[in-house]
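Chemist: Each chain is listed here by its residues.
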Amino acid sequence: MRKVIAIDAELCTGCLSCEAACSLKHDGKCGPTYSRIQIQEFREVNVFIPIFCQHCNDAPCINVCPVGARMRKETTGAVVTNQDLCIGCKACVYICPFGAPIIHPETGKAVTCDLCEGEDEPWCVQACVMQKALLFLPETKASVPKSRAYARAYVEQLKSLTIT
Amino acid sequence: MYGWTGKRIRVDLSKGEIMVESLTLDYLRKWIGGRGMNSEVVYHETKVGMDPFDPANPLCFGVGPLTGTFAPGSGRTTISARSPMTSGKNPRTDVHGHGDASMGSHWGAELKFAGYDQIIVKGKSAKPTWIWIDDDVIELRDASYLWGKDTKQTTLAIIDELGDPDIKVVCIGPAGEKLVRFAAIMNTFFSASGRTGMGAVAGSKNLKAITVRGSKPVLIAEPEKFAEACWECRNRIASDPLSQVMQVEGTQSTFDDGNAWGIAGAWKNHGPGYCPGLEEKFSGTLYTQKYLHSRNGCYACPVSCMRYTFIKEGPFTGKHFGGPEMESMCNLGPRTGTLDQAATAVMQEICNLYGIDTISAGSAISWAMDCYADGLLTENDTGGIPFRWGDTDTTLKVLEMIGKREGFGKLLGEGTIRAAKEVGRGTEKYVPHVRGLEDSACDPRIPTGFVLGYAMSTRGADHMRHIPALEFMSIAEAHKDLVEKVLGPQLSRVFWSSPKELTDLSTKPALCTWSERNKCVADLFGVCCDPIAYTMAAGDYTGITPQFRAATGVSWSDDELFKTAERVVTIERAHWNREGSARQDDTHIDRYFQRPVEEGPWKGTVIDRKMWKWAQSEYYRLHNWNDNGFVTPEKLEELDLKELIEDIEASRKCYEAELKAK
Numbered sequence: 001m002r003k004v005i006a007i008d009a010e011l012c013t014g015c016l017s018c019e020a021a022c023s024l025k026h027d028g029k030c031g032p033t034y035s036r037i038q039i040q041e042f043r044e045v046n047v048f049i050p051i052f053c054q055h056c057n058d059a060p061c062i063n064v065c066p067v068g069a070r071m072r073k074e075t076t077g078a079v080v081t082n083q084d085l086c087i088g089c090k091a092c093v094y095i096c097p098f099g100a101p102i103i104h105p106e107t108g109k110a111v112t113c114d115l116c117e118g119e120d121e122p123w124c125v126q127a128c129v130m131q132k133a134l135l136f137l138p139e140t141k142a143s144v145p146k147s148r149a150y151a152r153a154y155v156e157q158l159k160s161l162t163i164t
Numbered sequence: 001m002y003g004w005t006g007k008r009i010r011v012d013l014s015k016g017e018i019m020v021e022s023l024t025l026d027y028l029r030k031w032i033g034g035r036g037m038n039s040e041v042v043y044h045e046t047k048v049g050m051d052p053f054d055p056a057n058p059l060c061f062g063v064g065p066l067t068g069t070f071a072p073g074s075g076r077t078t079i080s081a082r083s084p085m086t087s088g089k090n091p092r093t094d095v096h097g098h099g100d101a102s103m104g105s106h107w108g109a110e111l112k113f114a115g116y117d118q119i120i121v122k123g124k125s126a127k128p129t130w131i132w133i134d135d136d137v138i139e140l141r142d143a144s145y146l147w148g149k150d151t152k153q154t155t156l157a158i159i160d161e162l163g164d165p166d167i168k169v170v171c172i173g174p175a176g177e178k179l180v181r182f183a184a185i186m187n188t189f190f191s192a193s194g195r196t197g198m199g200a201v202a203g204s205k206n207l208k209a210i211t212v213r214g215s216k217p218v219l220i221a222e223p224e225k226f227a228e229a230c231w232e233c234r235n236r237i238a239s240d241p242l243s244q245v246m247q248v249e250g251t252q253s254t255f256d257d258g259n260a261w262g263i264a265g266a267w268k269n270h271g272p273g274y275c276p277g278l279e280e281k282f283s284g285t286l287y288t289q290k291y292l293h294s295r296n297g298c299y300a301c302p303v304s305c306m307r308y309t310f311i312k313e314g315p316f317t318g319k320h321f322g323g324p325e326m327e328s329m330c331n332l333g334p335r336t337g338t339l340d341q342a343a344t345a346v347m348q349e350i351c352n353l354y355g356i357d358t359i360s361a362g363s364a365i366s367w368a369m370d371c372y373a374d375g376l377l378t379e380n381d382t383g384g385i386p387f388r389w390g391d392t393d394t395t396l397k398v399l400e401m402i403g404k405r406e407g408f409g410k411l412l413g414e415g416t417i418r419a420a421k422e423v424g425r426g427t428e429k430y431v432p433h434v435r436g437l438e439d440s441a442c443d444p445r446i447p448t449g450f451v452l453g454y455a456m457s458t459r460g461a462d463h464m465r466h467i468p469a470l471e472f473m474s475i476a477e478a479h480k481d482l483v484e485k486v487l488g489p490q491l492s493r494v495f496w497s498s499p500k501e502l503t504d505l506s507t508k509p510a511l512c513t514w515s516e517r518n519k520c521v522a523d524l525f526g527v528c529c530d531p532i533a534y535t536m537a538a539g540d541y542t543g544i545t546p547q548f549r550a551a552t553g554v555s556w557s558d559d560e561l562f563k564t565a566e567r568v569v570t571i572e573r574a575h576w577n578r579e580g581s582a583r584q585d586d587t588h589i590d591r592y593f594q595r596p597v598e599e600g601p602w603k604g605t606v607i608d609r610k611m612w613k614w615a616q617s618e619y620y621r622l623h624n625w626n627d628n629g630f631v632t633p634e635k636l637e638e639l640d641l642k643e644l645i646e647d648i649e650a651s652r653k654c655y656e657a658e659l660k661a662k
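Here the protein sequences line up with chains G and X, keeping their order.
Using this note's numbering, read the first sequence as starting at 1 and increasing by one per residue.
Using this note's numbering, read the second sequence as starting at 1 and increasing by one per residue.
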C-alpha cells in the first residue's frame, strides 16, 4: 500500500512553510517558484488551498505527454517527469485536473512532487507540524482529512442545537 | 551572495529616479539587515531637527538575510524614518527622533524573491504614486485612482490591475494620505506596521503603495546544514507549550497571561491599574471560542498565530476580517473602559482600513475619556461628542473621524500629547507616554522590566524593544538556565529571592540590557522575535544564529552578532542624543510615581522614585553611557561609530549646560 499526502485545506493558514521546505530540499535554495507544492491564496477571505501532484492511479499526464517523459516510480508510486526527455510543452499542466506541474525556473521543464523519495516523510508534511493540513497516510486513508472536516462542521452544528 | 541578495533600491520621488545599489559584505557585517540597515540610514542620512515631513526624510523598508527562507517566522520587515509622532525634551513636540515599525505576513519575503534587501524612499512625488517592483523591473506608477481608497480597496485594486492574486502590497489608507501622525502602513491586507507614524511619512511623500512580485530564490550557502538548523528550531518551537497556546489564542494569549499575573490590560487609560473580573468577559480564550473563524500564518512560521475573525452574533453579525492582535484589543477595549470584544474587534478593522495605529488611537480616545470623566474636557472641546468610559458607539465614530481628520478627530490625530498640549488645563498629566509615543498595554507601574524598557526604548514607549519576559515568574521558571546566564550568579540570587519580583527594579537594568540586544538580533535577521523573546521556544538569539551562518556562509560568532545588535541600538539612541534627548526623557509621567494601583494583587504599587533614579543610572552604566544617558565617545569608538562622536559630544555639552543653568 503506497502512501500519499492527504490535504485538509481548512487547516491551511497560508504560511507557505511547505513551499520553503520543498524548494530547499529539492534545489538547495528557498523560493516559491521552485516549490512542487503551491498554495493557492484567497487572502481576502483567508482561504488557502494546497495544490500538488496527486499521483493519479490512471494519470492523464502520462498519456498526454508527447515524448513519454511522465512515468510512475515503482518505489513510491509517485508520478514524476524524466528531466532528460521533457521538452517543456506544458501539455501535462493543461491535462492535470489541478494544474499541479510547475515549470522549473531554471530548466523550463515540468516538475512535480516526488513524495520526497528516500525520506521518512515528505518535507512539506514535516513543515506543517503544528497546523497538520498535510498528512502522509496510506492511500486508503486519503479521504479521512476531508471527510473529518465535513463531520467536524456537522458536529459543531449539532452541538449548537443542543443548547437549551 | 547567500542569504542576502546584496542589492538595495533607492527611489527619489522628487526626481522620479530609481537606482539599484550593491551592498558590500563589510557593510552587511556592520549592520546585518532589516532594522540594522534602516537605523544606519536614518541616522547618517538625516540632520538634527529635520522635519519628518521633509521630503529628505528617508523612509526605509528593510528585510534580513533570513527573510523569505525556511527559518521559522522569516517574514518580517522593518519600516524606519524620522518619526512625526515621537518627540523629545520631555516633551517638546517639535523635537523629533528615530521611529520605526515592524510587520510580519508576506510582503518582506516577496521583496527577497524579487532580489532586494532594502528600499530607501526619499523625496516627494508631485502626484500620488505607487512603486511596482517585478524582479528587475522597478517602475513608478500613477496612484491618482488609488488615492482616497482604504487599504483593502487599494490592495484589491492593484491586484486587479496587475491580474495576479499573488502580488504583495504595502499601502497607506486615508489616514496616511492626510498625515494623521500615527498613520500605519498595512501589508497583505491586515498585517500592520502601526507605531510611530510611518504611514504619515509615506503620505507626506505622496507614496500610496509599494507592490512586489518576485520569482527568484533566496540562495543558501550550506543547504544541508541550514535545513538541519531550521528543523531543530522549528520542532523545538512546535513542542513548546507556550507556542501551542499562541497557536490557539494568538497574541491575545499574552493578554490572558497578563490577567493571570494581575496586570489589568490598560484598564481606563492605565489609571486604576486593575479591573476586577476582567478575565471573565475579555480574554483570548473567550475570543477564540466566540469569534475566531480561522488562523493565518506569516511567512514560514510553524505557529500561525494570526486571527481571522467572523462575528456570528450581536450587532456586528456577518462582519469578517483579519486580526485582532492583543495590543489592538487591549488599547481599543479595556483601555477605553469597554469589555465588549466584538465591538473592539470591529474598531480594529476600522483602524486597519484607514491605516491607523490601534495603540495610539486607543490611547487618544481613552485620554479624552479620562479627562472627560474628571471634567477637564467637555462637549465644547469635542464638537458635542461626549466621551464616556466604555461608550463603544463613540469610539467607533471617533475612529472614523480620526481617519478622515474631521472635527475633534483632527486634533486626536495629532497624537495624544499634542492634543493635550492644545487643550491644556492639565490634561497633559493624563497622557501615559515616553517621548511622545503612548504607552502600550503593560501597566507603567507593575512589571518593572517592561516599565524600564518603555522609558529606554529608542522609538518612544514600547514593550517590543526589550521584551524582558524573563521577569515573569512562569517564564523564568521554565528557563532557569537562561536567567542564570543573563543575570549572573549574584543578581540571579536577588531575582529568585525577591518577594515581589515583578515590582522590584534591582535586577531589571541588567535584564533589560541583555533583552534589548537579544530581541534586536531577530530584527536584524528579519525573523519574528516571538520564539526568542516571549515564548523563548528557540532559547535566545544563540538558538537562531546557526541558521544565519548556514544560510549566509559567514562564520561571524555569537558574540560578534550580539555586539552588532548593540551597535544598532546605540545608533538609534545616538539619534535621540543628537536631538538633545537623554535622561530627562527616559522616564514616565508623574502619575506613575504618584497614583498607586487601586486594587488587585499589586495594590498600592507606584514607581519608587529613588529606585527609578538608580535604575536609570545603572542602565546607563551597563551601556557605557554617561550618567545623563549620553552615549560616551569610548562606546562609540568600541562600536566603530567614531563619526558620531562630534555631534553627540556637542549635544551633550549643550544639555549639561542647560541643566547647570536651571
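It should be emphasised that the hints constitute simulated quantities derived from the structure, not laboratory data.
Just so you know, not all the hints are guaranteed correct.
[Said to hold, decoys possible] Among chain X residues calculated to face chain G with C-beta under 7 Å, some are: (1) 70; (2) 144; (3) 145; (4) 148; (5) 219; (6) 220; (7) 241; (8) 247; (9) 292; (10) 295; (11) 297; (12) 302; (13) 304; (14) 314; (15) 316.
[Unchecked claim] Each computed DSS-like pair below joins lysine-lysine, with the alpha-carbon atoms no more than 25 Å apart: (16) X:613 x X:662; (17) X:485 x X:410; (18) X:397 x X:319; (19) G:29 x X:563; (20) X:603 x X:268; (21) G:159 x X:281; (22) G:141 x G:73; (23) X:404 x X:421; (24) X:178 x X:397; (25) X:319 x G:29; (26) G:159 x G:146; (27) X:653 x X:603; (28) X:268 x X:178; (29) X:603 x X:500; (30) X:404 x X:178; (31) G:29 x X:225; (32) X:662 x X:610; (33) X:268 x X:281; (34) X:178 x X:152; (35) X:429 x X:410; (36) G:109 x X:662; (37) X:653 x X:642; (38) X:319 x X:281; (39) X:290 x G:132; (40) G:90 x X:268.
For glycine and all other residues, C-beta sits at the position ideal for the given N, C-alpha and C.
Chemist: Compare the structure with each hint and give your call.
Modeler: Checked hints:
Interface hint status for residue 70 of chain X: upheld, as the beta-carbon distance to the closest one in chain G is roughly 4 Å, under 7 Å. Evaluation of the residue 144 of chain X hint against chain G yields a violated restraint, the C-beta minimum of about 24 Å exceeding 7 Å. Here the hint on residue 145 of chain X is broken, as its CB sits about 19 Å from the closest CB of chain G, past 7 Å. For residue 148 of chain X, the interface hint is violated, the least distance from its beta-carbon to any beta-carbon of chain G being 20 Å, above 7 Å.
Look at residue 219 of chain X: its Cβ gets to within about 5 Å of chain G, closer than 7 Å, so that hint holds up. Proximity of residue 220 of chain X to chain G holds as hinted, the smallest CB-CB distance being about 6 Å (cut-off 7 Å). Checking residue 241 of chain X against chain G by beta carbon gives a least distance of about 12 Å; that is not within 7 Å, so the hint is violated. Of the supplied interface hints, the one on residue 247 of chain X holds, with its beta-carbon coming within about 6 Å of a beta-carbon of chain G, less than 7 Å.
The criterion of a C-beta within 7 Å of any C-beta in chain G is not met by residue 292 of chain X, whose closest approach is roughly 11 Å, and the hint is violated. The interface hint given for residue 295 of chain X holds, since its Cβ lies 5 Å from the closest Cβ of chain G, which is under the 7 Å cut-off. Checking residue 297 of chain X against chain G by beta carbon gives a least distance of about 3 Å; that is within 7 Å, so the hint holds. The beta carbon of residue 302 of chain X is positioned within 7 Å of a beta carbon in chain G (closest approach about 5 Å), and the interface hint is therefore held.
At about 4 Å, the closest approach between the beta carbon of residue 304 of chain X and any beta carbon in chain G falls short of 7 Å, and the interface hint on this residue holds. With a cut of 7 Å, the hint placing residue 314 of chain X at the interface with chain G is violated, because the nearest CB-to-CB distance is about 15 Å. Annotation: interface hint on residue 316 of chain X violated; nearest CB of chain G at approximately 17 Å, more than 7 Å. Of the pairs offered as hints, the one joining residue 613 of chain X and residue 662 of chain X holds, with about 19 Å between alpha carbons and a cut-off of 25 Å not exceeded.
Taking the CA atoms of residue 485 of chain X and residue 410 of chain X, the gap is about 49 Å. The hint is violated against a cut of 25 Å. Restraint check for residue 397 of chain X and residue 319 of chain X: the C-alpha separation of about 17 Å stays at or below 25 Å, so the hint holds. Pair hint residue 29 of chain G plus residue 563 of chain X does not hold up; C-alpha atoms about 29 Å apart against a cutoff of 25 Å. Restraint check: the Cα-Cα separation between residue 603 of chain X and residue 268 of chain X comes to about 16 Å, which is no more than 25 Å; the hinted pair holds.
A threshold of 25 Å between alpha carbons decides the hint, and for residue 159 of chain G with residue 281 of chain X the separation of about 22 Å falls inside it, so the pair holds. Distance hint between residue 141 of chain G and residue 73 of chain G is fulfilled; the C-alpha atoms sit about 21 Å from each other, no more than 25 Å. For the hint linking residue 404 of chain X to residue 421 of chain X, the alpha-carbon distance of about 22 Å falls within 25 Å, and the restraint holds. Proximity of residue 178 of chain X to residue 397 of chain X is assessed by CA-CA distance (about 18 Å); at most 25 Å being required, the pair is judged to hold.
Taken as a hint, the residue 319 of chain X and residue 29 of chain G pair is broken in the structure, with Cα atoms around 40 Å apart against an allowance of 25 Å. Of the pairs offered as hints, the one joining residue 159 of chain G and residue 146 of chain G holds, with about 20 Å between alpha carbons and a cut-off of 25 Å not exceeded. Taking the CA atoms of residue 653 of chain X and residue 603 of chain X, the gap is near 42 Å; set against the 25 Å cutoff, the hint is violated. Between residue 268 of chain X and residue 178 of chain X, the direct Cα distance comes to roughly 29 Å. Violation of the 25 Å bound is thereby established for this hinted pair.
With a C-alpha separation of about 12 Å, the suggested pair residue 603 of chain X and residue 500 of chain X falls inside the 25 Å cut-off, and the hint holds. At most 25 Å may separate the alpha-carbon atoms for a hinted pair to count; residue 404 of chain X and residue 178 of chain X meet this at roughly 7 Å. Between residue 29 of chain G and residue 225 of chain X the CA atoms are separated by roughly 12 Å; this keeps the pair inside 25 Å, and the hint holds. Note on residue 662 of chain X and residue 610 of chain X: the hinted pairing holds, with a Cα-Cα distance of about 21 Å set against a maximum of 25 Å.
A distance of roughly 16 Å separates the Cα atoms of residue 268 of chain X and residue 281 of chain X; the hinted pair therefore holds under the 25 Å criterion. As the CA atoms of residue 178 of chain X and residue 152 of chain X are separated by approximately 17 Å, the hinted pair is consistent with the 25 Å bound. Simply put, residue 429 of chain X and residue 410 of chain X have alpha-carbon atoms about 21 Å apart, close enough for the 25 Å limit, and the pair holds. For the given pair, residue 109 of chain G sits about 76 Å from residue 662 of chain X by alpha-carbon distance, which is inconsistent with the 25 Å threshold.
Simply put, residue 653 of chain X and residue 642 of chain X have alpha-carbon atoms about 18 Å apart, close enough for the 25 Å limit, and the pair holds. With a C-alpha separation of about 21 Å, the suggested pairing of residue 319 of chain X with residue 281 of chain X holds against the 25 Å cut-off. Distance hint between residue 290 of chain X and residue 132 of chain G is fulfilled; the C-alpha atoms sit about 23 Å from each other, no more than 25 Å. Proposed proximity of residue 90 of chain G and residue 268 of chain X is contradicted: the alpha carbons are some 62 Å apart, above 25 Å.
Violated hints, listed in ascending order, are 2, 3, 4, 7, 9, 14, 15, 17, 19, 25, 27, 28, 36 and 40; each of the other numbered hints is respected by the structure.
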